[in-house]
Amino acid sequence: MSWKEAAEPVLTRMPSVTRPEGHVPFRRKLGWTAGVLVLYFFLTNVTLFGLQTQTTSGDFYGQFRSILAGSTGSLLQLGIGPIVTASIVLQLLGGANLLGLDTDDPRDQVLYQGLQKVLVLAMICLTGLPMVFASNYLPPSGEVAAALFGSSGALMPVRALIFAQIAVGAVLILFMDEVISKWGVGSGIGLFIIASVSQQLVAGLFATEALANVTGFFPAWVGIVTGGIDLEGSLLEALLFEPGNLLAMVTTLFIFAVVVYAESVRVEIPLSHARVKGARGRFPVKLIYASVLPMILVRALQANVQFLGQILYSQLGDVGMPDWLGVYSDGQPVGGLFYYLDPVQSREQWMWFIYAPAGDPLDIAVRVLIDLTVMVVGGAIFAIFWVETTGMGPESTAQQIQNSGMQIPGFRRNPQVIEKVMERYIPQVTVIGGALVGFLAVLANLLGTIGGVSGTGLLLTVSITYKLYEEIAEEQLMEMHPMMRTMFGGD
Amino acid sequence: MSSGQNSGGLMSSAGLVRYFDAEDRNAVRIDPKTVVAFGVLFGVLVMLLRFMV
Chain A
1 MSWKEAAEPV LTRMPSVTRP EGHVPFRRKL GWTAGVLVLY FFLTNVTLFG LQTQTTSGDF
61 YGQFRSILAG STGSLLQLGI GPIVTASIVL QLLGGANLLG LDTDDPRDQV LYQGLQKVLV
121 LAMICLTGLP MVFASNYLPP SGEVAAALFG SSGALMPVRA LIFAQIAVGA VLILFMDEVI
181 SKWGVGSGIG LFIIASVSQQ LVAGLFATEA LANVTGFFPA WVGIVTGGID LEGSLLEALL
241 FEPGNLLAMV TTLFIFAVVV YAESVRVEIP LSHARVKGAR GRFPVKLIYA SVLPMILVRA
301 LQANVQFLGQ ILYSQLGDVG MPDWLGVYSD GQPVGGLFYY LDPVQSREQW MWFIYAPAGD
361 PLDIAVRVLI DLTVMVVGGA IFAIFWVETT GMGPESTAQQ IQNSGMQIPG FRRNPQVIEK
421 VMERYIPQVT VIGGALVGFL AVLANLLGTI GGVSGTGLLL TVSITYKLYE EIAEEQLMEM
481 HPMMRTMFGG D
Chain B
1 MSSGQNSGGL MSSAGLVRYF DAEDRNAVRI DPKTVVAFGV LFGVLVMLLR FMV
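So the sequence lines, in the order shown, correspond to chains A and B.
Going by the working numbering, the first residue of the first sequence is number 1, and it counts up by one from there.
Going by the working numbering, the first residue of the second sequence is number 1, and it counts up by one from there.
Hint data in this document are derived by calculation from the structure and do not stem from the laboratory.
Please note: incorrect hints may appear among the correct ones.
[Claimed, not checked] When the alpha-carbon atoms are kept at most 20 Å apart in a straight line, the in silico EDC-like pairs for lysine to aspartate or glutamate are as follows: (1) B:K33 x A:E21; (2) A:K182 x B:D24; (3) A:K420 x A:E395; (4) A:K182 x B:D31; (5) A:K4 x B:D24; (6) A:K182 x A:E268; (7) A:K4 x B:E23.
[As the list claims (entries may be wrong)] So the derived list for chain A, only partly shown, Cβ under 8 Å to chain B, looks like this: (8) L43; (9) V110; (10) Q116; (11) L119; (12) L121.
Just so we're clear, the structure is a prediction, and the values are computed from it rather than from any experiment.
Note that beta-carbon positions come from the ideal geometry of N, C-alpha and C, so glycine has one too.
With the rest of the complex left out, here is chain A (with noise of 0.2 Å):
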């Protein structure tokens, strides 16, 4: 007996959000988008019943975090990071091809959402329990504990309800997701990852002192300009990076255009109907094939590594973790392997010849060569995966074409030909993107973006906004001409 069939009564009752039946309005689809958003801030700034009042511990992602949704101490502690770790494991069996599900197949695709599902829950419990129950970042408050309890020191109940809380808020964001994708427009995912990092992008251009404690890109102008703010050491340094933030600026506006124009890059493979004369189309493969999708999986894989370290960290202290695996202060690895393996995530980890405690310059050397290479090796793998498990491989695409009554002119109609054609393409143009974009990433963060929100989250953004946008598009062409909606298979 395989799997599956151990596996089918819990996968397959999983509970899901119903489908629309028949079209949805696209103002209604705007409708739920805009509600589901206003539900997710509405959530992160819900803080968690049973939490110390002053919490000084930082976030526990870190500079993962706007990658990953969500906010510190809030209801969505959590965000999206159970969601993607799930998806990295799905990535990885699928891609090696050890599922055994076959997509296309109803009963496996019902297999393949519960399992999705299942996964999810799982990965929740694995983050959240080590969270609340082995590290401080999400202090219980002892009041709440003597209010409830009776006594101070019960914090084990107050740490469960915690976990409670952080659970509900992880599975609500699931079901967003899902709300989202059948009933809105683009994904869940997508839009809180914009929403996350959109907040980061104006708090970093427009902040004040007097609002957030940081002074964003314009004040910081306004006041250099007006001589509010003193122009400390050399004129090109402090113009560069603190307090002007040029080259911040400059790296932002330079990811946003690489990415919009890469968008545009594209080989197409010409496409003639097999019937009807004169029909022409065209097959584009885009240079971002897989769009920076994949990305996120490498990125939280990291953060999974260095969520591992902080639990070993808090778990051994500082005597009993050995050197050569990590040494801590503050709560951030500076040193053993858990600090080579940590992304270099802003200016101030890596220039040593600025900021004095950045380290040895041989160590950043490794440290970011590692974390270029994890990135444009993984950007690339991950690339692969993503082509195959969401059906944008060439045999996938080649059996859509066939069923669309397209052919390649100069060949004969049949899948197999087609294939051949694609695997020309599709691969080359996969691995290229993949790596670019782990390029670009790394790169943006070393330089440093506007807000601090990092090269992945920036690359991510531009590029889910592009893709909302053309949909968006599609969508309104959809609710001028019914008829369109036949072609584009819709109903």
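Since chain A is already given, all that's left is putting chain B on it; use the hints.
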């Protein structure tokens, strides 16, 4: 789109979680309104709890 995320024309790219048309008869169905309503109520409940204790 008939099968949701995986049929956006020829060029398709799914979200991190993929949803298909096929659904099992045994599966528990949730109305999207229920999800949103539960989210709002849950948030308000936690806020009230913090307020009271």
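Results of checking the hints against the structure:
1. At roughly 15 Å between alpha-carbon atoms, K33 (chain B) and E21 (chain A) fall within 20 Å of each other, so this suggested pair holds.
2. In summary, the hint linking K182 (chain A) to D24 (chain B) is supported, as the alpha carbons are separated by about 17 Å, within the 20 Å threshold.
3. Restraint check for K420 (chain A) and E395 (chain A): satisfied, since their Cα atoms lie roughly 9 Å apart, inside the 20 Å limit.
4. Between K182 (chain A) and D31 (chain B) the alpha-carbon distance is near 11 Å, which keeps this suggested pair within the 20 Å criterion.
5. The suggested pairing of K4 (chain A) with D24 (chain B) holds, with an alpha-carbon distance near 15 Å, which does not exceed 20 Å.
6. A threshold of 20 Å between alpha carbons decides the hint, and for K182 (chain A) with E268 (chain A) the separation of about 30 Å lies outside it, so the pair is violated.
7. Distance check on the hinted pair: K4 (chain A) and E23 (chain B) sit about 16 Å apart at the alpha-carbon level, within 20 Å; holds.
8. About 5 Å separates the beta-carbon of L43 (chain A) from the nearest beta-carbon of chain B, less than 8 Å, and the hint is met.
9. Against a cut-off of 8 Å between C-beta atoms, the interface hint on V110 (chain A) holds, since the closest Cβ of chain B lies about 5 Å away.
10. The interface hint given for Q116 (chain A) holds, since its Cβ lies 6 Å from the closest Cβ of chain B, which is under the 8 Å cut-off.
11. Look at L119 (chain A): its Cβ only gets to about 10 Å from chain B, farther than 8 Å, so that hint breaks.
12. Here the hint on L121 (chain A) is broken, as its CB sits about 13 Å from the closest CB of chain B, past 8 Å.
The structure fails to meet hints 6, 11 and 12 from the earlier list, while all remaining hints are met.
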